[in-house]
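Place chain B on chain A using the hints.
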Amino acid sequence: MLRSPETRYALERYLQHETGATKVAIHAATALTAGAVQENWKIEAEMTGGSLAGRHLLVLRTDAPTRIAASLGRAEEYAVLCAARGAGVTVPEPLFCCSGTAALGRPFFIMQWAEGETSGAKLVRDECGAEQRGEIALSLARELATIHGIRPPRLDLAALGDPPADPAAERVALYRRWLDDFEDPHPVAEWALRWLAREKSAASEIVLLHGDFRTGNYLVGKKAPTAILDWEFANWGDPHEDIGWFCCKSWRFGAIDREAGGLAPRALFYRAYEEHARRTLDTKRLHYWEVMASLRWLLLALQQRERYLRGGERSLALALTGRRPAECEFEILRLIEAGTL
Amino acid sequence: MRDLPGGRELEMLALELEAERLGTLEGDDRRLVVAMIERARAIAKREAKAGEAALAPVRAALERLYGPGDPAEHFHRLTQDIRAGRFDPPTARRGEIRDLLWALTLQKLRESNPGFLRAHGLE
Chain A
0 MLRSPETRYA LERYLQHETG ATKVAIHAAT ALTAGAVQEN WKIEAEMTGG
50 SLAGRHLLVL RTDAPTRIAA SLGRAEEYAV LCAARGAGVT VPEPLFCCSG
100 TAALGRPFFI MQWAEGETSG AKLVRDECGA EQRGEIALSL ARELATIHGI
150 RPPRLDLAAL GDPPADPAAE RVALYRRWLD DFEDPHPVAE WALRWLAREK
200 SAASEIVLLH GDFRTGNYLV GKKAPTAILD WEFANWGDPH EDIGWFCCKS
250 WRFGAIDREA GGLAPRALFY RAYEEHARRT LDTKRLHYWE VMASLRWLLL
300 ALQQRERYLR GGERSLALAL TGRRPAECEF EILRLIEAGT L
Chain B
0 MRDLPGGREL EMLALELEAE RLGTLEGDDR RLVVAMIERA RAIAKREAKA
50 GEAALAPVRA ALERLYGPGD PAEHFHRLTQ DIRAGRFDPP TARRGEIRDL
100 LWALTLQKLR ESNPGFLRAH GLE
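Chains A and B are the protein sequences, given in the same order. Read left to right, the first sequence gives residues 0 to 340 (numbering that gives the first Met the number 0). Read left to right, the second sequence gives residues 0 to 122 (numbering that gives the first Met the number 0).
Hints were generated in silico from the structure; no laboratory data involved. Watch out, some of these pointers could steer you wrong.
Okay, the calculated bits of chain A under chain B, using three or more residues with CB under 8 Å as the criterion [as the list claims (entries may be wrong)]:
id, segment
1, 128 to 141
2, 322 to 335
Partner residues aside, some chain B positions facing chain A, computed with beta carbon under 7 Å [what the hints assert, rightly or not]:
id, residue
3, L16
4, R29
5, V33
6, E37
7, Y65
8, F74
9, L77
10, I81
11, D87
12, T90
13, R93
14, T104
15, L108
16, S111
17, F115
18, A118
Treat the numbers as computed from the prediction; the structure is a model and nothing was measured. Yeah, the Cβ is synthetic: ideal placement off N, Cα and C, and Gly gets one too.
Next up, chain A with everything else stripped away, as it sits in the complex (with noise of 0.2 Å):
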């Protein structure tokens, strides 16, 4: 998106708009690899005076060519951005939000840079100590807590729609919708889908979810995440529904006994969470939302997959994409008739 001198002039005119600086120069501009769903770019600016003078790294997050389903549009997850930040989640300081075209040709947000390590991989390696990770679990789990502090009804997030009435067979029938888009047959999720619609119960309370919660969706300094990252799918429901997302086994990056993400065990997260959350897990419900994080994970892949397959994208990362679900396929089959964590 900011590879054409002109596009970089526009930018430089929009920052000089919202800041009200003289002057503003764009050193360079980078994108960045993380975010299959979204366009990410750093940016080093200057500016003479307004409210931002001096040189800053800010990161502008726009949309990917191929939008995703479900995820939210750049505005609606600015104002999610926003109201973590007011609620004291660790994110990174969102600054400007541009919803309309006429700026870049695309809706687009601008966030201070934050720095850390974002690589799932490098931190479930043993070159980071046990120690350090089950620190970082820690302050996952007091992150989430604060994320799940923030109920609805909230007017400055009134584009996340009502709170849903029932959030499993919500997510029942969206993941319904989301397999009738694919022409080939897959049985095991069908065989999930029926397990879900049997085992759904109520949920006790509804908060506000990241909905990507989950290592490789935040950054990390030295023993404490630095920013969660990624708010696209953001969305009202049951809190237990990200615990069972973060724990997924597809997300411990091959560490599959340390549940918490690939970074600790996972008894050690709940405690954390519950202490800071004030709130009881439900071993059943977590039980649950964990099949359905590997269902919506095969579900995921299945898209991904389909931006190779019919959306023109001739991507060897996308096709490979296509042979993950037997992983998750393995994992729902494997959680159904173990009928526990």
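For chain B alone, kept in the frame of chain A given last:
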């Protein structure tokens, strides 16, 4: 019954990527792409070696369920029947369907990610 895209297609994509982009990459980006290319080729090789014979137990299970016929049609029918709840508990054939789903899933993993099975103490 296998997940898409198939092994031959992955191999072609790997060849394209190697010819068109690998030479321009360095460091972590290059390592990432090399790993993807190797993974695609390994899947293609395992899938070709396993061939149709590897799916014979699944086809046999489908025949026991629906009688002789086109396995692809049977596979579609199985999926529709699961959705319709024909194998919900306490259906007598539920165990048979579960075994079929396990057999297919394990075979797909043998080809796509045998390391996943090893990590679970299988095979």
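Do the hints match the structure? See the list:
no., hint, in the structure
1, 128 to 141, "violated (count 0)"
2, 322 to 335, "holds (count 8)"
3, L16, "holds, 5 Å"
4, R29, "violated, 13 Å"
5, V33, "violated, 11 Å"
6, E37, "violated, 11 Å"
7, Y65, "violated, 13 Å"
8, F74, "holds, 6 Å"
9, L77, "holds, 5 Å"
10, I81, "holds, 4 Å"
11, D87, "holds, 6 Å"
12, T90, "violated, 11 Å"
13, R93, "violated, 10 Å"
14, T104, "holds, 5 Å"
15, L108, "holds, 5 Å"
16, S111, "holds, 4 Å"
17, F115, "holds, 5 Å"
18, A118, "holds, 6 Å"
Of the numbered hints stated above, those contradicted by the structure are hints 1, 4, 5, 6, 7, 12, 13, listed in ascending order.
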